[in-house]
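Engineer: Listed below are the residues making up each chain.
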Amino acid sequence: MSSTPLAAIAFERDVLPHLDLLYRVALRLTGEAANAEDLVQDTVLKAFRAWDSFRQGTNARGWLLTILRNTFINEYRRRRRTPVQVDLDVAEQHALIYEESGHDPEGEFFHALVDDRILAAIDALPEEFREVVVLSDIEGLGYANIAETLGVPVGTVKSRLSRARRQLQGTLLEYAIEAGIVRPGKDA
Amino acid sequence: MSDHTLDCGEALALLQDYLKEELTTENQARVASHLAACGHCLGHAHFERNFLAAVERAAKGARCPDAVVARIRQALRSDPPG
Chain A
37 MSSTPLAAIA FERDVLPHLD LLYRVALRLT GEAANAEDLV QDTVLKAFRA WDSFRQGTNA
97 RGWLLTILRN TFINEYRRRR RTPVQVDLDV AEQHALIYEE SGHDPEGEFF HALVDDRILA
157 AIDALPEEFR EVVVLSDIEG LGYANIAETL GVPVGTVKSR LSRARRQLQG TLLEYAIEAG
217 IVRPGKDA
Chain B
9 MSDHTLDCGE ALALLQDYLK EELTTENQAR VASHLAACGH CLGHAHFERN FLAAVERAAK
69 GARCPDAVVA RIRQALRSDP PG
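Just so you know, the sequences run in chain order A and B. Read in order, the letters of the first sequence correspond to residues 37 to 224 in the working numbering. Read in order, the letters of the second sequence correspond to residues 9 to 90 in the working numbering.
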């Protein structure tokens, strides 16, 4: 107990700066603010209890993400209502997207979509796609860090990312067409 | 691949990694010079960039609520490590 105050200070210094990131990842994993809040709190308290096993000066962010993910899988995953999951072939999807976005081939329509639509599309991805999109395209982690956090090879991260983006682009394009932001198809 | 100019197929295959700056310095430069010379592939790059920017913009704003931060700080004080 004598070292407790110092340990607590070090913990707060190294861990609390990552709360926003943990919360954003938790939000996309659980799909709900209330569960995300609980997941972040559980994660931080678990990390605190395991603080002795963390090697100071190493990657606290990756360590925390691993705890968060394990906690999600073990205690939260079953609470999530899983939406319909589609996984078209990547090449097929890719061709489709470019064909359908014929009037907007550079994807300006993405900027016209409201945030909630984009978040809903991310949340509808299968979990293994959703987590790579969150870590890479929202939080900006590199392939190697993501691979380490998820415990999979870098090649797996890359192929999941590629499929996840295709699927997400397809969903967003559908939204954009429905909303009249994009006229589908190529010029005659 | 040293001293080799990329064709469109090769450039597009490397595009995702290029945008994430995950290629070697050499290949980053190779994709960049292909994009500078090829409007078709540059269009693909714009499409992917616009997509990535929209995803980040939609999700990056969320902050851990103050009430949760306060709850966590309080729990840390009443739950010493070890």
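The set of hints was computed from the structure by calculation and includes no laboratory data. Honestly, I wouldn't trust all of these hints.
[What the hints assert, rightly or not] Pairs of lysine-lysine, PhoX-like flavour, derived with a Cα cap of 25 Å: (1) A:K194 x B:K68; (2) A:K194 x B:K28; (3) B:K28 x B:K68.
Engineer: Hinted pair, alpha-carbon criterion (25 Å max): K194 (chain A), K68 (chain B). Please report holds or violated.
Structural biologist: 21 Å, holds
Engineer: Given the hint that K194 (chain A) pairs with K28 (chain B), test it: the Cα-Cα distance must not exceed 25 Å.
Structural biologist: The hint holds at about 11 Å.
Engineer: K28 (chain B) and K68 (chain B): Cα distance at most 25 Å?
Structural biologist: Holds. K28 (chain B) to K68 (chain B) sits at ~17 Å (cutoff 25 Å).
Violated hints are absent here; each numbered hint is respected by the structure.
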